[in-house]
Amino acid sequence: MSFSGKILDWYHINKRSLPWRKTTDPYKIWLSEIILQQTRVAQGTPYYLSFVDNFPSVHDLANANEEQVLKLWQGLGYYSRARNLHAAAKMVVNEYGGVFPDNYKKLLTLKGVGDYTASAISSICFNEPQAVVDGNVYRVLARYYGIDIPINSTEGIKYFKALAEKVMDPVEIRDYNQGIMEFGAIQCSPKKPLCLLCPLNDSCVGLEKGLVDQLPFKLKKTKVRNRYFNYLIPIYKDMDGAQFTSLKQRKGKGIWQNLWEFPLLESKEILEIDDITIRYKEALGDMESVELLEYNDNAIVHKLSHQHLHTKFWIVNTENDFDGKISIKKLTEFPVPVLIADFIKAFKF
DNA sequence: AAGCCGGGGCC
DNA sequence: GGCCCAGGCTT
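The C-terminal position of the first sequence is numbered 349 in the UniProt record's numbering, with every residue numbered one higher than the one before it.
To be clear, the hints were calculated from the coordinates, so they are not data collected in a lab. Even glycine gets a Cβ: it sits at the ideal position worked out from N, Cα and C. Just to be clear, a hint being listed does not mean it is correct.
Claimed, not checked - Computed list of lysine-lysine pairs in BS3-like fashion (alpha-carbon distance at most 30 Å, straight line):
(1) K106 to K22
(2) K191 to K161
(3) K325 to K71
(4) K251 to K325
(5) K22 to K105
(6) K105 to K158
(7) K223 to K237
(8) K191 to K218
(9) K248 to K348
(10) K22 to K90
(11) K105 to K15
(12) K237 to K253
(13) K253 to K90
(14) K90 to K251
(15) K209 to K6
(16) K191 to K303
(17) K71 to K248
(18) K253 to K330
(19) K161 to K223
(20) K192 to K218
(21) K158 to K220
(22) K268 to K251
(23) K209 to K166
(24) K251 to K223
(25) K71 to K106
(26) K192 to K111
(27) K268 to K221
(28) K111 to K209
(29) K237 to K209
(30) K15 to K192
(31) K223 to K158
(32) K221 to K192
(33) K251 to K330
(34) K330 to K248
(35) K218 to K253
Stated by the list, open to error - Listed next, with one range per pair, are the computed distances between beta-carbon atoms:
(36) G98 to E272: 52 to 60 Å
(37) E208 to H308: 37 to 45 Å
(38) G75 to H308: 14 to 22 Å
Construct the complete structure from the given sequences, taking the supplied hints into account.
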């Protein structure tokens, strides 16, 4: 039997019951695909259910505020996905008359939809013969055909896309695409693949050559950058005893774009209390009637894939009213990075 | 072509 | 501590 035939047979026996497998509605399939980019099924599933619940149609999503979308996305990471998701929903409504694009080429025009996602949606929803190439497919093909071209090189990307197209089943593409990805997730897994029980173990080049645990081959990743974050948490009580603090929205290029955080002093090294006092005066003004308290002695190291954020929080009790203060009661309404959410949860305001 | 963009789970 | 995850965008 052919490679694709065995994948299809395996899939029909072993496929998991997942929420997005109960529909071919392109809106829902698109939601699931964006959420699952670089994200495990276990982590993405509750977010998928939440988005479908809060935004049953593409119109609901398009009509939402970006703030609401980011809040629902909070904790999932790669927040450009959420911003692009919202922008794409508006594109569907405004440029496609509210009808989701029904082919690969049109899907590619949507923000946040690249080759993989356009192939996935067009094949799953419309059975269009487009081969998906995600992390699972790279692994399955690299092992089965014994290919050691780096999957994160220009040559590798082209090679594996062409190979995927060559070995796909264009007629049953809907199940074949989902099948090879599911096969990579369950059977041909990154660690400890189940080769002994694999339906392809009599013809797998990687297995025959003992290269399974070395494939797929990948070029070394970039190294981690250390950054030093000092968050100032102003706390102000009005005459009624209500508490207020301050959040700023991150703008510009880098991490956490459009999310909110406490006033931040970034430095070359972790700052001590004297430094904070000086920088506070420079940034926020008078220190009169201000009490500065160190929240955490040792810096909290928040790890992103490419940055380590060495973070200290400083409590600033102040008797001075300030502009733009927000009520503590509304603190949890803002979309914030996990680093900030964890602090808000742990700190007793 | 290379960098950037999160957070979590597993080893 | 390193790797990987139903990748895409920017430079």
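Comparing the hints with the structure gives:
no.: 1; hint: K106 to K22; verdict: holds (24 Å)
no.: 2; hint: K191 to K161; verdict: holds (23 Å)
no.: 3; hint: K325 to K71; verdict: holds (20 Å)
no.: 4; hint: K251 to K325; verdict: holds (19 Å)
no.: 5; hint: K22 to K105; verdict: holds (25 Å)
no.: 6; hint: K105 to K158; verdict: holds (18 Å)
no.: 7; hint: K223 to K237; verdict: violated (44 Å)
no.: 8; hint: K191 to K218; verdict: holds (15 Å)
no.: 9; hint: K248 to K348; verdict: holds (20 Å)
no.: 10; hint: K22 to K90; verdict: holds (25 Å)
no.: 11; hint: K105 to K15; verdict: holds (28 Å)
no.: 12; hint: K237 to K253; verdict: violated (34 Å)
no.: 13; hint: K253 to K90; verdict: holds (22 Å)
no.: 14; hint: K90 to K251; verdict: holds (22 Å)
no.: 15; hint: K209 to K6; verdict: holds (21 Å)
no.: 16; hint: K191 to K303; verdict: holds (23 Å)
no.: 17; hint: K71 to K248; verdict: holds (15 Å)
no.: 18; hint: K253 to K330; verdict: holds (27 Å)
no.: 19; hint: K161 to K223; verdict: holds (28 Å)
no.: 20; hint: K192 to K218; verdict: holds (18 Å)
no.: 21; hint: K158 to K220; verdict: holds (19 Å)
no.: 22; hint: K268 to K251; verdict: holds (21 Å)
no.: 23; hint: K209 to K166; verdict: holds (23 Å)
no.: 24; hint: K251 to K223; verdict: holds (25 Å)
no.: 25; hint: K71 to K106; verdict: holds (29 Å)
no.: 26; hint: K192 to K111; verdict: violated (36 Å)
no.: 27; hint: K268 to K221; verdict: holds (24 Å)
no.: 28; hint: K111 to K209; verdict: violated (42 Å)
no.: 29; hint: K237 to K209; verdict: violated (70 Å)
no.: 30; hint: K15 to K192; verdict: holds (19 Å)
no.: 31; hint: K223 to K158; verdict: holds (26 Å)
no.: 32; hint: K221 to K192; verdict: holds (23 Å)
no.: 33; hint: K251 to K330; verdict: holds (21 Å)
no.: 34; hint: K330 to K248; verdict: holds (14 Å)
no.: 35; hint: K218 to K253; verdict: holds (28 Å)
no.: 36; hint: G98 to E272: 52 to 60 Å; verdict: holds (57 Å)
no.: 37; hint: E208 to H308: 37 to 45 Å; verdict: holds (41 Å)
no.: 38; hint: G75 to H308: 14 to 22 Å; verdict: holds (19 Å)
In this structure, the earlier hints numbered 7, 12, 26, 28 and 29 are contradicted, and the remaining ones agree with it.
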